[in-house]
Amino acid sequence: MNENVIKFSVDFESLGKLGPNFLQSKEGQDALASGSLKGHDRLFMSLASSSILNTTLFIPGKKIIETGELFDDAYLVLNGEIQITQKDKSYKLGAGSVIGLSEGMVGLASKFTATAITSVKVKIIPFHRVDAVIKVLPPELRAILVTIIKRNLAP
Amino acid sequence: MSEFKLEKFLDGQFICKSGEPATHLYFLQEGEVELVSATGQVFGVIPQGQSFGEAAILRGGIRGASVRAKGDVVCQVIANDQAVELLTSYSPLLVVIMEALLLQLAMNNSIKHA
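So the protein lines, in turn, are chains D and L. Each residue of the first sequence is one higher than the one before, counting from 1 in our numbering. Each residue of the second sequence is one higher than the one before, counting from 1001 in our numbering.
Simulated from the structure, these hints should not be mistaken for lab results. Treat the hints with care, since some could be wrong.
Across the chosen pairs, the derived CB separations fall in these ranges [unchecked claim]:
#1 L:Thr-1039 to D:Asp-11: 25 to 35 Å
#2 L:Thr-1023 to D:Thr-67: 40 to 50 Å
#3 L:Gly-1044 to D:Asp-11: 21 to 31 Å
For every residue, glycine included, the Cβ atom is placed at its ideal position computed from N, Cα and C.
Sequences and hints are given; from them, build the entire structure.
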């Protein structure tokens, strides 16, 4: 597999120019309804503007997680590029990538090593906070989350 | 969970259709449903106890596939605005978790199909 291929990235520069209130505007709703703004763009914009997650910066070369390690935190990449290596596979991920969330929610060790190629700015999703919230959920809501986690972890 | 309404669907009935606005989220209480592409091909089955239509959380999104009852089906259904309200009532972090899981799903689908 070509290790230089970026397998997933949103155009964070273009999305950033739309402004924080774009999703709530008629223009934003029209863009979603017409499909010109994709679902993953909308999710990224919403998460990137969230004030309840802290931000940190990984310097180039920093190993974010290594194969076999457990996740203490999951990360949303705001900008920059990450190299993923997993057995014989290697590829890049860009802005909008979510690292380790489904794995960490079920206590799975990482199956890949993620290394910052450039400076990488991320939002941190700490699992001690996630676990505290999940504990109090009713079964229907928990089942919805479990469904998405299963789809994420499916080979 | 008063925000969820119980709805029954008969065998073969479409619960939602591809291209329609994604307005509701479904929890499959009894029976199973099949995912149908725009060309009419069945490409997946969702079993009892799982959810579907999570894209409704996106508010303003559109359905990427049709969903059809495979046998008689009972679903718990919630409108997207109510779902977001319900999630927020437990914790604003829950909306963040749901959105981040859906974004991870979009990323994984992109990796698989690249």
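Review point. Can you list which hints this structure breaks, lowest number first?
Key: none
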